[in-house]
Structure formats: structure tokens, C-alpha cells
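Top to bottom, those sequences are chains A and B. Take any residue in the first sequence, count from 1 to its spot, add 176: that is its number in my numbering. Take any residue in the second sequence, count from 1 to its spot, add 950: that is its number in my numbering.
The hints are simulated quantities; they were obtained by calculation from the structure and are not laboratory data. Check each hint, because a few of them may be wrong.
Claimed, not checked - Computed spacing ranges between beta-carbons, pair by pair: (1) A:Thr196 <-> B:Ala955: 32 to 40 Å; (2) A:Gly342 <-> B:Leu964: 48 to 56 Å; (3) A:Gly325 <-> B:Pro1142: 26 to 34 Å; (4) B:Tyr1042 <-> A:Ser279: 54 to 62 Å; (5) B:Arg1073 <-> A:Glu241: 55 to 63 Å; (6) B:Pro1133 <-> A:Ala189: 42 to 50 Å; (7) B:Leu964 <-> A:Thr255: 44 to 52 Å; (8) A:Phe178 <-> B:Glu1163: 51 to 59 Å; (9) B:Ala1166 <-> A:Thr349: 44 to 52 Å; (10) A:Gly325 <-> B:Met1076: 35 to 43 Å; (11) A:Gly280 <-> B:Arg1165: 30 to 38 Å; (12) A:Ser279 <-> B:Ile1126: 26 to 34 Å; (13) B:Leu961 <-> A:Ala189: 53 to 61 Å.
What the hints assert, rightly or not - Derived pair list, reagent style DMTMM-like, types lysine to aspartate or glutamate, alpha-carbon separation capped at 20 Å: (14) B:Lys1048 <-> A:Glu313; (15) B:Lys1048 <-> A:Glu241; (16) A:Lys261 <-> A:Glu375; (17) B:Lys1048 <-> A:Glu375; (18) A:Lys360 <-> A:Glu332; (19) B:Lys1048 <-> A:Asp244; (20) B:Lys1122 <-> A:Asp281; (21) A:Lys180 <-> B:Asp1018; (22) A:Lys283 <-> A:Glu332; (23) B:Lys958 <-> B:Glu1163; (24) A:Lys215 <-> B:Glu1163; (25) A:Lys179 <-> B:Asp1018; (26) A:Lys371 <-> A:Glu241; (27) A:Lys360 <-> A:Glu313; (28) B:Lys1122 <-> A:Glu313; (29) A:Lys283 <-> A:Asp244; (30) A:Lys371 <-> A:Asp315; (31) A:Lys261 <-> A:Asp291; (32) A:Lys283 <-> A:Asp252; (33) B:Lys1048 <-> A:Glu332.
This structure is a prediction, so every number in the text was calculated from the model and none was measured. Idealized CB from N, CA, C, for every residue including glycine.
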Amino acid sequence: MFKKLLISGFLLAVFAGVGTAAVSFVHDNALPRITAVEKSQLLETLHQFVPPETFDNDMFSDTIEVHDAALLGTNDPITVYRARKNGAPVALVLTTIAPDGYSGDIKLLMGIRYDGSVAGVRVISHHETPGLGDRIEADRSPWIDGFAGKSLENPEEEQWHVKKDGGQFDQFTGATITPRAVVKAVANTLRYYEKHRDELFAPASEKPHE
Amino acid sequence: MSDNAYRKIALDGLWNNNVTLVQILGLCPTLAVTTNLVNGLGMGIATTMVLIGSNLIISAIRNIVPGDVRIPIFVLVIASLVTIIDLAMSAYLTELHKVLGIFIPLIVVNCLIIGRAEAFASRNNMVHSVVDAIAMGFGFTLALTTLGALRELIGFGTLFSQANLMFGEGAKWLTISVFHDYPNMLIAILPPGAFLCLGLMIAGKNVLNARAEKRAAIAKVEPLGGDEQTAG
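Taking the hints into account, I'd like the entire structure generated from these sequences.
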């Protein structure tokens, strides 16, 4: 009896060990590739928002980190990528979080032109209902492109809601919560931008105090 | 074993013992993702891939695993396998992972995988286990694709929408608007619609089976009758 127990326990430990080792081996090998793929995809998206010919700096190294839990949806520091031409600010790209999606955070990548208008918004990750809320993805519906060119003056700030709430952005059939969360996050990010524009474009050497 | 064994495994997986329609296993992912045909297909393919791997490994270790701790060991094997597939796909098959990636974490909770491990792979050799995995996985894919097509058709009046996500931009033409100016019937897309459509599919399968049995019975009574169709 005792011997059987020992054998079972031993085998269980062996399988746990082998399983963990296999997972961590694959993880270690895959991680650099996953990071590289993510980076090249980020670059591709950055170029969608800010065409390469409109700036001449290296956006990947011209970054600062900011945080604002109320307007950017997360307490974690957020990296802001800045585009300049001949040193003059052109646009910036940052990630922002819509914390009140239907199921969890919706992570967005957003480009803002220097004049405060939206260059573009893309969903990086979300857990919304397939077939309903996932129409915020650019691949599935053109809805998210509706933000391009908009700013807090156009439309008026009180129009930054879905139609159901008296604003001017469409909701989806069967899914109001998801687009409502995205509209709110985009508006909040623009508010943050308006408040901190000069700090956001400050040269990397004089980082703003957090 | 004879060809008959393979035939039985294949028929069981596809029809007689279909995961979704007969065993009613793995309902969580089944009901959750089948809002359209392409999603059903994606979930089916991802599950089949995991099932083949898990059946193969479980069958290979079946003689060294003591009965008392087999379930925790199966869980360990399946969880490691799913995590490895998820990581490897996101690194080396990024495009495919973008499509199937959201389904993979859901596979861990699919009792189809552990069900086949316990009911089949732990008692049969590796070749049979792989054949069983392919048959079961294919039957699952078929049921999910049908369910997705049904819900998409009733809900949005289309078929193959978002096919570009799985087959690339060139596949956009696949999307068919079956009814034009269709007033969307949202209930088919929402969770209740999943239950309703699945119920209809199970009922439909039972009707087909009952008919086939009747025909078989008639054929038995009149052995000289021209209709020689058999059940199955």
C-alpha cells in the first residue's frame, strides 16, 4: 500500500516536472520571437497612423513613459512613441485601456496628431463576445475607423458617446457596452492629451516629473 | 486490427457517437464561439490539433501510469500541451495564431479532450488513438461548423462572413449574403440561440436515425425488397 502510494506520488512529480520543463523550454525559446513579431506588428500599425514620410525621427527610441489611471485606464506606465519632423512635433502613438468593456480590459493603440485630432485607433487585445463585441476589430468591421480625424472640438465634447447615450457614435446590434467603453477611452485619452500636450512632446532628455 | 475497427472508430467519431450531438461534451466552447461559420471551423480545427497530440501522448504513457493518479496526470499532460501549442503558434505561426489564438485557452476547459483521454486513449494503442482523435475532432468540427452556419444564417442572413480572417484577404469573396436586406434575428447570435439551434440539430439527427432504423426494419421484413439501404 505504502509502496503504491510512493510510486504514484513519484510519477505525479515526474510528470509535473517534465510538463513544467517542457513549457518553460518552449517559453524561453519562443519569447524572443514573440517579442520581435509584436514589435514589427507595432511598427506596422504605427505606420498606418503616422505615414513614414511625415516624420524623420526614430519613433522607437523617442519615447517617454506616462501614467494616469483616471484617463488612460491603467496604473501601469504607458509608453508614448513620438514622431517629429526636423525636430517639430508631428504626432504621437500610445496604448490606452478601456477598463469597462463587457468582459475586462480592451487594450487600444491610438495615434494622435499634434493638433489634437485622432490619427487612428486599433484594438490590440480584448475579450469581448465573438460575433458581437468583436466588431471593434478593424478586420471585422470599419467601425473603429470612424474615429480618424475626430477631436474634442469635432464633434463637441458632449457628442463623444454612442448614439444610445445621445452621442454621435454608432453602437452595434446586440452590443452597446463594448463600443461605449471604446468611445469613452478614446475621449479620455484625448482629454489627457489636451492637458499634457507640451509634456508629452518634451524632448526625451527632460522627462516630465511623474 | 482489421479495417472494421478503423471503420467503427471513424463512424463513431463522425456520427454514431458524435461529441457534440450524442455525447454532448464540450458545450462551453461549442455554445460560446459558434456565432458564425468561420468561428466554428476555427474552434474545431484548434481542438482537433490538441486532441491528436493529447491522445497520442496519453496512449503512449498509458502502461506506466497507475490508475489512481491517471486523471491528474492526464490533466498535467493536456495543460502542458495546450500551453506549448499556444506559445509555439504565437511565435512561429503568428497569422494562424491571430485567428485561432482566442480559441486555444478555451480548449483547456473542453471536456472532450480529457473525455477521449480517459475513454479511449488510455485503453488503446497509439495508432488507434490518433485515428480516434482525428475522427472525433472531425465530427466536432463538423457539428460546430454546422451550428455556426445555422446561427449565422438565422442571425445575420450571411454565410462565411469574416472568412478573410482564416483564409486571408483573398477569401473575402466567400462571404455570401443569402438573404438581402435581412432584418437581423439577434436571438440566434445570443446565447439562447446557441441552445435552440443545438437542440434543433440534435433533434434533426435523431429524426434521421429513426428514419434509417425504420428503413432497416422494413428491409429485414422484406428481404427481397428493392430498397437495400442500411442504417448508419
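Hint check:
Distance hint check: the CB atoms of threonine 196 of chain A and alanine 955 of chain B are about 37 Å apart, consistent with the given range 32 to 40 Å. Checked against the given bound of 48 to 56 Å, the beta carbons of glycine 342 of chain A and leucine 964 of chain B, roughly 53 Å apart, stay inside it. At about 40 Å, the beta-carbon gap between glycine 325 of chain A and proline 1142 of chain B misses the expected band of 26 to 34 Å. Between tyrosine 1042 of chain B and serine 279 of chain A the C-beta distance comes to about 29 Å, which lies outside the given range of 54 to 62 Å.
Remark: the range hint 55 to 63 Å for arginine 1073 of chain B to glutamate 241 of chain A is upheld by a beta-carbon distance near 57 Å. The beta-carbon spacing between proline 1133 of chain B and alanine 189 of chain A, approximately 60 Å, falls outside the hinted interval of 42 to 50 Å. Here the CB-CB span from leucine 964 of chain B to threonine 255 of chain A is close to 51 Å, well matched to the stated 44 to 52 Å. Between phenylalanine 178 of chain A and glutamate 1163 of chain B the C-beta distance comes to about 54 Å, which sits within the given range of 51 to 59 Å.
At about 47 Å, the beta-carbon gap between alanine 1166 of chain B and threonine 349 of chain A stays in the expected band of 44 to 52 Å. Taken as a hint, the range 35 to 43 Å is violated for the pair glycine 325 of chain A and methionine 1076 of chain B, whose Cβ atoms sit roughly 59 Å apart. Glycine 280 of chain A and arginine 1165 of chain B have their C-beta atoms about 52 Å apart, which leaves the hinted 30 to 38 Å range violated. Here the CB-CB span from serine 279 of chain A to isoleucine 1126 of chain B is close to 30 Å, well matched to the stated 26 to 34 Å.
About 41 Å separates the C-beta atoms of leucine 961 of chain B and alanine 189 of chain A, a value inconsistent with the hinted range of 53 to 61 Å. Simply put, lysine 1048 of chain B and glutamate 313 of chain A have alpha-carbon atoms about 12 Å apart, close enough for the 20 Å limit, and the pair holds. Among the hinted pairs, lysine 1048 of chain B with glutamate 241 of chain A is inconsistent with the structure: their alpha-carbon atoms are about 28 Å apart, more than 20 Å. A hinted pair counts as satisfied when its Cα atoms are at most 20 Å apart, and lysine 261 of chain A with glutamate 375 of chain A qualifies at roughly 18 Å.
For the proposed pair lysine 1048 of chain B and glutamate 375 of chain A, the alpha carbon gap of about 36 Å is over 20 Å, so the pair is violated. Between the alpha carbons of lysine 360 of chain A and glutamate 332 of chain A the distance comes to roughly 14 Å, so the proposed pair stays at or under 20 Å and holds. The suggested pairing of lysine 1048 of chain B with aspartate 244 of chain A is violated, with an alpha-carbon distance near 30 Å, which exceeds 20 Å. Simply put, lysine 1122 of chain B and aspartate 281 of chain A have alpha-carbon atoms about 30 Å apart, too far for the 20 Å limit, and the pair is violated.
About 9 Å separates the Cα atoms of lysine 180 of chain A and aspartate 1018 of chain B, which keeps this hinted pair within 20 Å; it holds. Restraint check: the Cα-Cα separation between lysine 283 of chain A and glutamate 332 of chain A comes to about 25 Å, which exceeds 20 Å; the hinted pair is violated. Among the hinted pairs, lysine 958 of chain B with glutamate 1163 of chain B is consistent with the structure: their alpha-carbon atoms are about 18 Å apart, no more than 20 Å. A distance of roughly 59 Å separates the Cα atoms of lysine 215 of chain A and glutamate 1163 of chain B; the hinted pair therefore is violated under the 20 Å criterion.
For the given pair, lysine 179 of chain A sits about 13 Å from aspartate 1018 of chain B by alpha-carbon distance, which is consistent with the 20 Å threshold. With a C-alpha separation of about 16 Å, the suggested pairing of lysine 371 of chain A with glutamate 241 of chain A holds against the 20 Å cut-off. With a CA separation close to 16 Å, the supplied pair lysine 360 of chain A and glutamate 313 of chain A stays within the 20 Å bound. Using a Cα cut-off of 20 Å, the hinted pair lysine 1122 of chain B and glutamate 313 of chain A holds, with the two alpha carbons roughly 16 Å apart.
Straight-line distance between C-alpha atoms of lysine 283 of chain A and aspartate 244 of chain A comes to about 15 Å, which keeps the hinted pair within the 20 Å bound. Taken as a hint, the lysine 371 of chain A and aspartate 315 of chain A pair is broken in the structure, with Cα atoms around 32 Å apart against an allowance of 20 Å. A hinted pair counts as satisfied when its Cα atoms are at most 20 Å apart, and lysine 261 of chain A with aspartate 291 of chain A qualifies at roughly 15 Å. Pair hint lysine 283 of chain A plus aspartate 252 of chain A holds up; C-alpha atoms about 13 Å apart against a cutoff of 20 Å.
Between lysine 1048 of chain B and glutamate 332 of chain A, the direct Cα distance comes to roughly 36 Å. Violation of the 20 Å bound is thereby established for this hinted pair.
Against the hints set out earlier in the document, violations occur for numbers 3, 4, 6, 10, 11, 13, 15, 17, 19, 20, 22, 24, 30, 33.
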